Amino acid sequence: MEILDSIFLNTKKIFLDLLGCWLPDWMILLVNIGIIIGVIAVLGPVIMMYLTLLERKIIGRMQNRIGPNRVGIFGILQPIADGIKMFTKEDIIPQNADKIVHFLAPVLMVIPALLAFAVLPFGRGMIPVNLNVGLLFFIAVSSTSTICVFMASWASRNKFSILGGMRSAAQMISYEIPMVLSVVPVILSAESLSTYAIVEAQARWSGLHWFVFTPWGLLAFIIFFLCGVAECNRSPFDLPEAESEIVAGFHTEYSGMKFALFYMAEYMNTFTVSALAATLFLGGWEGPVLPSWLWFFIKTHALIFVMFWFRGTLPRFRVDQLMGLAWKLFLPLTLINIFVAGGYHLISDRNFRVAGASAVLLVSFLLFTVFLNRKYMPEKRRYDLVD
Amino acid sequence: MELLNLAGIAGVYTLMLVILIAAVAMVTLRSLFHSALALAAVLIGIAGIYLTLQADFLAMIQILIYVGAVMTLIIFAVMLTEHLSHQTVRQNNRQSPLAIAGICAFLFCLTGVIVRTPWPLQPQNQTATITAMELGKAFMGQYVFAFELISVFLIAALIGAIVIARKDK
Amino acid sequence: MPKSYTVQNTDLLDTQTLEVNFGPQHPSTHGVFRMFVELDGEVIVTLKPVMGYLHRNHEQIAENLTYLGIMPYTDRLDYFNAMTNNLGYAMAVEKLAGITVPERAQYIRVIVSEFTRLINHLSLVGFLLNDLGAFFTPILYAFREREKILDVFEEISGSRMMCNYLRFGGVKCDLSPAVLETMKKITRNFPKFLDEFEALLSKNEILCMRCQNVGVLPKELAVNSSITGPVLRASGINYDIRKVDRYSLYDRFRFRVPLGRKGDTYDRYYVRVLEMRESVKILEQALQDIPVGEILNPKTAPFAKAPRNFKPPVGEDYGRIESPKGELGYYVVSDGTPQPWRYHIRAPSFINLTILEDICLGHKVADAIIILGSLDIVLGEVDR
Numbered sequence: 001m002e003i004l005d006s007i008f009l010n011t012k013k014i015f016l017d018l019l020g021c022w023l024p025d026w027m028i029l030l031v032n033i034g035i036i037i038g039v040i041a042v043l044g045p046v047i048m049m050y051l052t053l054l055e056r057k058i059i060g061r062m063q064n065r066i067g068p069n070r071v072g073i074f075g076i077l078q079p080i081a082d083g084i085k086m087f088t089k090e091d092i093i094p095q096n097a098d099k100i101v102h103f104l105a106p107v108l109m110v111i112p113a114l115l116a117f118a119v120l121p122f123g124r125g126m127i128p129v130n131l132n133v134g135l136l137f138f139i140a141v142s143s144t145s146t147i148c149v150f151m152a153s154w155a156s157r158n159k160f161s162i163l164g165g166m167r168s169a170a171q172m173i174s175y176e177i178p179m180v181l182s183v184v185p186v187i188l189s190a191e192s193l194s195t196y197a198i199v200e201a202q203a204r205w206s207g208l209h210w211f212v213f214t215p216w217g218l219l220a221f222i223i224f225f226l227c228g229v230a231e232c233n234r235s236p237f238d239l240p241e242a243e244s245e246i247v248a249g250f251h252t253e254y255s256g257m258k259f260a261l262f263y264m265a266e267y268m269n270t271f272t273v274s275a276l277a278a279t280l281f282l283g284g285w286e287g288p289v290l291p292s293w294l295w296f297f298i299k300t301h302a303l304i305f306v307m308f309w310f311r312g313t314l315p316r317f318r319v320d321q322l323m324g325l326a327w328k329l330f331l332p333l334t335l336i337n338i339f340v341a342g343g344y345h346l347i348s349d350r351n352f353r354v355a356g357a358s359a360v361l362l363v364s365f366l367l368f369t370v371f372l373n374r375k376y377m378p379e380k381r382r383y384d385l386v387d
Numbered sequence: 001m002e003l004l005n006l007a008g009i010a011g012v013y014t015l016m017l018v019i020l021i022a023a024v025a026m027v028t029l030r031s032l033f034h035s036a037l038a039l040a041a042v043l044i045g046i047a048g049i050y051l052t053l054q055a056d057f058l059a060m061i062q063i064l065i066y067v068g069a070v071m072t073l074i075i076f077a078v079m080l081t082e083h084l085s086h087q088t089v090r091q092n093n094r095q096s097p098l099a100i101a102g103i104c105a106f107l108f109c110l111t112g113v114i115v116r117t118p119w120p121l122q123p124q125n126q127t128a129t130i131t132a133m134e135l136g137k138a139f140m141g142q143y144v145f146a147f148e149l150i151s152v153f154l155i156a157a158l159i160g161a162i163v164i165a166r167k168d169k
Numbered sequence: 001m002p003k004s005y006t007v008q009n010t011d012l013l014d015t016q017t018l019e020v021n022f023g024p025q026h027p028s029t030h031g032v033f034r035m036f037v038e039l040d041g042e043v044i045v046t047l048k049p050v051m052g053y054l055h056r057n058h059e060q061i062a063e064n065l066t067y068l069g070i071m072p073y074t075d076r077l078d079y080f081n082a083m084t085n086n087l088g089y090a091m092a093v094e095k096l097a098g099i100t101v102p103e104r105a106q107y108i109r110v111i112v113s114e115f116t117r118l119i120n121h122l123s124l125v126g127f128l129l130n131d132l133g134a135f136f137t138p139i140l141y142a143f144r145e146r147e148k149i150l151d152v153f154e155e156i157s158g159s160r161m162m163c164n165y166l167r168f169g170g171v172k173c174d175l176s177p178a179v180l181e182t183m184k185k186i187t188r189n190f191p192k193f194l195d196e197f198e199a200l201l202s203k204n205e206i207l208c209m210r211c212q213n214v215g216v217l218p219k220e221l222a223v224n225s226s227i228t229g230p231v232l233r234a235s236g237i238n239y240d241i242r243k244v245d246r247y248s249l250y251d252r253f254r255f256r257v258p259l260g261r262k263g264d265t266y267d268r269y270y271v272r273v274l275e276m277r278e279s280v281k282i283l284e285q286a287l288q289d290i291p292v293g294e295i296l297n298p299k300t301a302p303f304a305k306a307p308r309n310f311k312p313p314v315g316e317d318y319g320r321i322e323s324p325k326g327e328l329g330y331y332v333v334s335d336g337t338p339q340p341w342r343y344h345i346r347a348p349s350f351i352n353l354t355i356l357e358d359i360c361l362g363h364k365v366a367d368a369i370i371i372l373g374s375l376d377i378v379l380g381e382v383d384r
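Chains as they are written, first to last, in the working numbering: chain C, 1 to 387; chain B, 1 to 169; chain V, 1 to 384.
Please note that the accuracy of each hint is not assured.
[As the list claims (entries may be wrong)] Have a look at the derived ranges for each label pair, beta carbon to beta carbon: (1) C/F74 to V/R144: 20 to 26 Å; (2) C/L290 to V/E19: 55 to 61 Å; (3) B/L80 to C/F74: 45 to 51 Å.
These aren't lab readings, by the way, just hints derived from the structure by calculation. Given the structure is predicted, the values throughout are model-derived calculations rather than measurements. All C-beta atoms, glycine included, are put in the ideal place defined by N, C-alpha and C.
With these hints in hand, go ahead and build the complete structure from the sequences.
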């Protein structure tokens, strides 16, 4: 199992040793960096393509039908067919559009999505760049995609696009705050900002020390995951792409490869947010028997499956309800969570701290849902049946 | 290794050049939205400079706050005022050549002063890195008064914004 | 002047309203329908529905056709519920010409009408949830049952949707025992399917948040605007033409009429779910009691081969039924010739659409789409 675990690292080391016979040292460094960048540049789009296929098949099964199965055995070649279609579509630019900004928006949207791959620990020793501030890097980089949404919606000079763009930007900013704050207890407990160190802090007792098994960790995980779903503009928070209301929101006027870039950015965001949630709360590459990178993929894909499940089942929120959820429910809960996590860290008596933390969190959750959000609870209706 | 060093220095100078060009573009572009985007480019460039000075935490916070939040606010404001966002504004007038000559003279004198001042350099401490932990301890220890004062300011601004934006029921 | 929603401008900013066309081509305006909306931010200030994109000149064409020749055209009015359209027209002409319908034919008519009601309400729930964003899953579940019913329709009339099944004085083809068995099986399985279907929907928080207190239709407005159908009953008024007119054997069946209390979108949705359950009860009773007999009044049988000989007496008459969308009425004026002198349809979707502005004011754009969805319009009927 040890061999399988570090199979990728060993392959790279062998390759670099081979090259080191006849290349100077500084070039080996550059080749090393080049290999890492190449792997991510290939991995990102390939993952995105197969996530689209996976989503269509999973949602198809939920809707009592088979997904695509014509191209290739289980529809395996379907993403390639989609890619060819996107490549060969005509690129339509509206006449009044601002051409430079219209061109740059999808390009700049993919950049943060790809950059976020750099701090994900794919396995034991397999992190592309081990930054000291890895988590902060991820959050900072994903917050720059808001501007790209603005650029896309403004450059199209279309009322629907502007409406969609502003909704989307407002949603993304509102949901960044609970997302960042819900990660703070994890940083507290792991005492480091580096994603690799966070995974190692969950490495004790092989499974029982994951942060999700603590009371504050469970709440933080749920809030982080839901905020991640909102950040990726996916159902049930997919207002910006609400097809039934404003046709396609900020990417209405994009066709062909540019639309494919937006699509790619959304799915890569899905993958990275799930991967980060798995890293921070579910223990990253920790696991008993299988190699570490396999555990990472299993956990990430379990969370991605939950995201697809949401899309196939739930209807969509309205704008003010969406904002209300972020500001009135998630934000206060994350603030209380930070205090509870701090207390949890300081008290060392295990039973007392688990019970105390759970009690405080439950009480505050009930308080906020009942008092602040009462008008969003479903009312009970009575219907008369008369003759 | 010298090649890598040289490449590094060339990279830093290129970054500074890009920041300067973006700053000039921000001031001279005609469309307000394009100026806002150029400002975003300047801020990202400054984050790059922080990275060259080994301040990684500060660079990330710069991107998160400035580009992620402040620029979004500015662009919101630009897009919501419908008249402004579609207009192009002329950025120079008859006095421009005279102004540019005056600025060049000023820059010449300033450069002379900067080059002749003996700046105390401490090359040994350039490799000291400030981690997030030390920053946090400084905030809560030595600079706690300033920290609390800033947070009171922010709350005052927040409450003021809510009061202004609220519709009277 | 319809009242418009005035926005208080208490701030120092002078804002403008945004005029948007939810144009004829839009993924969820249920057909070619345009809404001209003025928005202040996200709130609707005025809304003007613009119809007529699907006007096919049905009434004028009918003045040149024989009475029986109009029957296939009535299928295409409300293209989801072909059988009830046929029923309304057949009833109007039967009243005009004084034709009686044998009992087995009347039972068959009731059975297909109630199946049509089931189809319509299933489609409505599916499309409403599609507008809400549930990405086709409820539609595909609903269409599973709808397919079974459409297969039955294909067996008895030859076509799934444009059935052209009813004739003056009866129906065209008889139901074989195999078809009766299939119908009984569908009716038996339907309540279980309905439980499964609405388990995820009626208590879903997001549905409730989006639909409750949205688009409230007050009782007086509903009555004054001649709204009929489930929309009226959701506002609390007890008016079901099956109970009021007691046409075509409905007084033999025991069923009740669900009424809502508030009149918002959630009530309109849930009243239809309850109506589906009542229709299943009617179906069970009808399928059990159906007698043997003839299916077409022998006096009108020769007219099927020579429709130009069918000349009803001079006069006018109005026949109305409770179609799944409301009161569907046909006004036929005859002058003794084989072609009608004047032929007018009271389309429930058209009349129900007139209050769209009043109940949408003050809500947001997203709500307008849902309110339109809950009013259940079909453009074939609105534009004729």
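Broken hints, by number: Those not satisfied: there are none.
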